[in-house]
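Q: The chain contents come next:
There are 2 protein chains.
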Amino acid sequence: MYNITKMKILKPAHDVFEAFVDPGKIGNFWFSSSSERWEQGKTITLRYDEFNAEGQIQIVEIEKDKKIVFNWGNTVTISLQETEPKTTIVEIIEEGFDENDPQLIEKLLDNKEGWAFMLTNLKAYLENGIRTLRTGLMK
Amino acid sequence: MYNITKMKILKPAHDVFEAFVDPGKIGNFWFSSSSERWEQGKTITLRYDEFNAEGQIQIVEIEKDKKIVFNWGNTVTISLQETEPKTTIVEIIEEGFDENDPQLIEKLLDNKEGWAFMLTNLKAYLENGIRTLRTGLMK
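For the protein sequence lines, the chains are D and X, in the order given.
By my numbering, the letter at position 18 of the first sequence is numbered 20, and the numbering carries on one by one without gaps.
By my numbering, the letter at position 36 of the second sequence is numbered 38, and the numbering carries on one by one without gaps.
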């Protein structure tokens, strides 16, 4: 089982790529901080100050301005496709959900909600400079 | 089976309520148009010009600035709770999914994605006046 979520962002693929890998940018639309620049082979610590939570991801693969693969238990593949000048389709696939998990549906829904919310935050940040949406989602 | 999605919006409940029921506002964050003001007992036509699609909803219940219930096959309940001055928790529950539907998971995920996306658009519209996110989600 996997989740796939796609968003059109009216910016070049390079800008979208940098939003993820540059630790100075992630706090505008997703986690509050990232320990260092995302590079292949690195382990990165991501923090959510609002929830006093942190976790680590392993960067499996980086293809500049095109692709980021990381592992946080499941495997996440972020693909960037510049379909026309200054327009990028961001596709995120998260794979590795256990089909026999009795909580499968809840976990898939929670995961889908997170990706849809983050990608909308990313669009608002890159297109409009809005940095204040990311703490809005409630459980 | 049901989906529940919640968003904190830094505006009074009245502003959030009006964003849904006023046909001059919905095009800023959700459907492109709504045929008339949402009132209890009415049938409203919603259009998505971008997809040349339209559908109808039946307004089952309206409680001013607090609650909207409508039916579009499933039943959707939008509840507004003003937790402090100028801060509103919007909770959306969609009920009526058939647990025996072989497409249940896909339908729930598609539905969850839609609500998370719309509520983030609503937050960006009400808090920041951003009207341009709503066509970003791709299939």
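The hints are simulated quantities; they were obtained by calculation from the structure and are not laboratory data.
Bear in mind the structure is a predicted one, so any value in this text is a computation, not a measurement.
Treat the hints loosely; a few may be bogus.
Note: identical chains are not told apart, hence a pair may lie in one copy or across any two.
[Claimed, not checked] Mimicking SDA-like on lysine to any residue, the simulated pairs with C-alpha atoms at most 25 Å apart in a straight line are: (1) Lys27 x Gly75; (2) Lys141 x Leu106; (3) Lys109 x Asp17; (4) Lys69 x Phe53.
Q: Hints first: check each against the structure and report whether it holds.
A: Checked hints:
1. When the C-alpha separation of Lys27 and Gly75 is checked against a cutoff of 25 Å, the pair qualifies only within one copy, where the shortest distance is 24 Å, while the shortest distance between copies is 42 Å.
2. Taking the closest pair of Cα atoms, Lys141 and Leu106 come within 25 Å of each other both inside a single copy (17 Å) and across two copies (22 Å).
3. For the homomeric pair Lys109 and Asp17, neither the shortest alpha-carbon distance inside one copy (30 Å) nor that between copies (33 Å) is at most 25 Å.
4. Proximity of Lys69 to Phe53 under the C-alpha cut-off of 25 Å is found in neither arrangement, the shortest distances being 29 Å within a copy and 29 Å between copies.
Checked against the numbered hints above, the structure breaks hints 3, 4 and satisfies the rest.
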